[in-house]
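There are 4 protein chains.
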Amino acid sequence: MEPWRTGLVDSKDGQIRLRGYDVTSLMTRASFTDTIFLLHRGELPRPAERALLDAILIGVADHGSGAPSCATARLAASGNRQSVSAAVAAGILAVGDDHGGAGMGCMEMIAAGVQRAKTESISLDEAARLVATEARAGGKRLAGFGHRVHKTDPRTEILFNLARSGGVAGDGIAFIAAMEQAIATIVKPLPINIDGALAAVLHDMGFPPVFGRLVFIIGRVAGLTAEVAEELSREKPMRIRIPVEYDGVAPRALD
Amino acid sequence: MEPWRTGLVDSKDGQIRLRGYDVTSLMTRASFTDTIFLLHRGELPRPAERALLDAILIGVADHGSGAPSCATARLAASGNRQSVSAAVAAGILAVGDDHGGAGMGCMEMIAAGVQRAKTESISLDEAARLVATEARAGGKRLAGFGHRVHKTDPRTEILFNLARSGGVAGDGIAFIAAMEQAIATIVKPLPINIDGALAAVLHDMGFPPVFGRLVFIIGRVAGLTAEVAEELSREKPMRIRIPVEYDGVAPRALD
Amino acid sequence: MEPWRTGLVDSKDGQIRLRGYDVTSLMTRASFTDTIFLLHRGELPRPAERALLDAILIGVADHGSGAPSCATARLAASGNRQSVSAAVAAGILAVGDDHGGAGMGCMEMIAAGVQRAKTESISLDEAARLVATEARAGGKRLAGFGHRVHKTDPRTEILFNLARSGGVAGDGIAFIAAMEQAIATIVKPLPINIDGALAAVLHDMGFPPVFGRLVFIIGRVAGLTAEVAEELSREKPMRIRIPVEYDGVAPRALD
Amino acid sequence: MEPWRTGLVDSKDGQIRLRGYDVTSLMTRASFTDTIFLLHRGELPRPAERALLDAILIGVADHGSGAPSCATARLAASGNRQSVSAAVAAGILAVGDDHGGAGMGCMEMIAAGVQRAKTESISLDEAARLVATEARAGGKRLAGFGHRVHKTDPRTEILFNLARSGGVAGDGIAFIAAMEQAIATIVKPLPINIDGALAAVLHDMGFPPVFGRLVFIIGRVAGLTAEVAEELSREKPMRIRIPVEYDGVAPRALD
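Residue numbers (the working numbering), protein chains in the order written: chain A, 1 to 255; chain B, 1 to 255; chain C, 1 to 255; chain D, 1 to 255.
Treat each hint with caution, since some may be false.
Identical chains share a label here; the pair holds if one copy fits it or two copies do between them.
Unchecked claim - With a straight-line cut-off of 35 Å between C-alpha atoms, the simulated DSBU-like cross-links for lysine-lysine are:
| id | residue 1 | residue 2 |
| --- | --- | --- |
| 1 | 12 | 118 |
| 2 | 118 | 140 |
| 3 | 236 | 151 |
These aren't lab readings, by the way, just hints derived from the structure by calculation.
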């Protein structure tokens, strides 16, 4: 077998270098968030970038023990207390388009919209109106907008303010703000939620769409590990049994 | 890298042989259950062995959608509808000592008990009394006994009858029956449940203890895949949200 | 929380009924393959259907220890020997569009093609020519055709013969045969492989496309459990270390 | 079903409070590492504690693409490119006693050793000698010592210096240093490795043993996500096929 190629980690002779930096240097002079940025981008972040990545990771760390990812991890821990790896992994497996995954779809929409404005030589506002109109016509739900409770999501404001004051804000934030306006006009007012906000900010920081999902996983693992630790220390094995109502065929005999 | 060694599958040149048999021969002349036995044991089963393995796999296939494994799979599918692999895997991750895993522990107990009878030149009844007495003294719960509802588990009777009529019954069934007697005398009457029954039968069929857990996984995947398919076809994304009550510290401000 | 609804399993009072049948009856009078069919379809299979499902499950059980699903399971077992659930689950997680998942895509293509023939009142042959032509024009790879080694896949012939002699063969097999012809004319001769064959057969048996992936998972778990058992019994922990070549940035110092 | 209790997250009315702190406050005034500490401990860390947790997370983030966790994630991504959740989860499933899990075992040993010194009114040095002697007699491998390459692990020195200068060093570091001495005398010189070092430091910070495994998972997810992103962006599907050598029974025919 050919050796695998990688540009991430050089670990020959027990020395470990992450993207060229000796891990021992990073341990004393960088934060974990810096290292996440470094591994994914190849360079250490500027202070504004670090602040944004910290804010995003904190913003997705845990939204409640009953959300699918956390509940899945707790259920797995309830039946299988021997392996915390299994429980945390189970929690991550609940992350998809419908839970924690909107950031990726939204980043793809932003990237396509910004590109379209350039290709068609139209403004971001005009591109946003086209995207919103087409989505409405196609009955397609747009990721990154709307909230069960809030009219404006306070986490969005925090991310956008950090991006603006740090000189990071660019086409991504401009385009999603234009989308919010277009949606309000064409459909109904729907605030940019945390998924939409982190998508816009990560786009402006230069991350590819897949990072919109990966960053959710990285942040959520902070919550999942705490949920699993609480389940194991505070609850009995098998304490969780979901109530079920059978509505299938009546009892019958085999011929 | 050295090639991995395996005695399971020969797949050179696109020919696939499982334990020496061409897969195309097996496809027309064997059952899936035969193939499971073959892969794990190296030989095809006798009819009585096939009947027992079928009965065990059916017996563990699905005990209800609310059990940890099934509920975990459904929760994962609820958040992540893009990957049925992820949902089924999440369900398997809930399988451990406390859920679906008792068979392995019970097989280890049976193997140790049967061995002890030989080593100490005592009867299986005597060995069972010693094991039960020591477990009681040590406050150790014995896997494979007791049922939330039944006084005798009907699935146990089925497995034991099949084993006896098929000439498979041996020291495993004899020892666990002796354990049931000993526990009834020393602690209280506790029926041999499905985990205990399959452990005794698999011991008598010559399987190692780890197969007590693996057989549960193989059988349960039949149920997990059906649970996931039902969740996806019948329910909306994110329909599951577990009710949670917060009882931690009161709201507080950062300094 | 509202109880979950299910039509699969009734497990009130410790009685377990799968799709209406008492599990104890199934244990003595059905095979595991029957039970898989029952859980997914709501009825027990006819003999020809059982034979086909057995053949499909055997056909996908294991294609070699080095394939992604098996290798992933072995690697996980190599680092984490405490949880066979974790290792088997890891193996399942490698199943996707590119490995073991072609059956689902192919079933979707077949369902769409058969539907199109009806809607447009054209023959299956004509529909197949249109699908193949459009795929070629769009540069789209069609799932279910081609094999690294074989000119005709012997497993395909077995499944089709079983389907024909059992009276199961229908539009699915007819359409995929028409596709094979169309592809040979328009692109180049590519045999129907096991994925294409099982897709056609499962379509004719009335299964939905998602079962094309689920059946691979069910069958492959037979192989994954055997691979994990062999890894644990025959190899040392951490014996696997993949050779890696670093080709990223040169060592550098932090400022 | 009774609501689940939790002391971690209060998410009523769309407000999210982690351990009492509003998530929006944390987003602007805390780091991700602070939030990990907060979720697991209930309080924000002091600066020395934050520096230590950052250093530990960085120290375990990635040791090379060929290690079981990273290789497992890449293999899963190779077959299943549709779900990055599945690939990252697969990587976590390789974390166990033999890979990334030594921290937990070592924390248990430290906790037991420190407790024993108190209970038996002996010095930590004396307790360490007893533990090392008993381990040698029992043929038990002690987690946290030894390195394939280094005579002294530079990461250990960094963690211990940070702990000492930050006033965190306590019985944990004292005991493991005593263990290193005892092992050198009784067995042979074996340096405290990263697992042993983080175990001692986390003990002195007041974490329970299970966090020794969870912290590895949290840190390693930074690496796993980067490995998966590189695999998807740089490599073709199914590019990985592990070389395998079959050494089982010869081809044979079914009767």
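How the hints compare with the structure:
no., hint, result
1, 12 / 118, "neither (45 Å within a copy, 43 Å between copies)"
2, 118 / 140, "both (23 Å within a copy, 28 Å between copies)"
3, 236 / 151, "between (40 Å within a copy, 24 Å between copies)"
The structure shown violates just one earlier hint, number 1.
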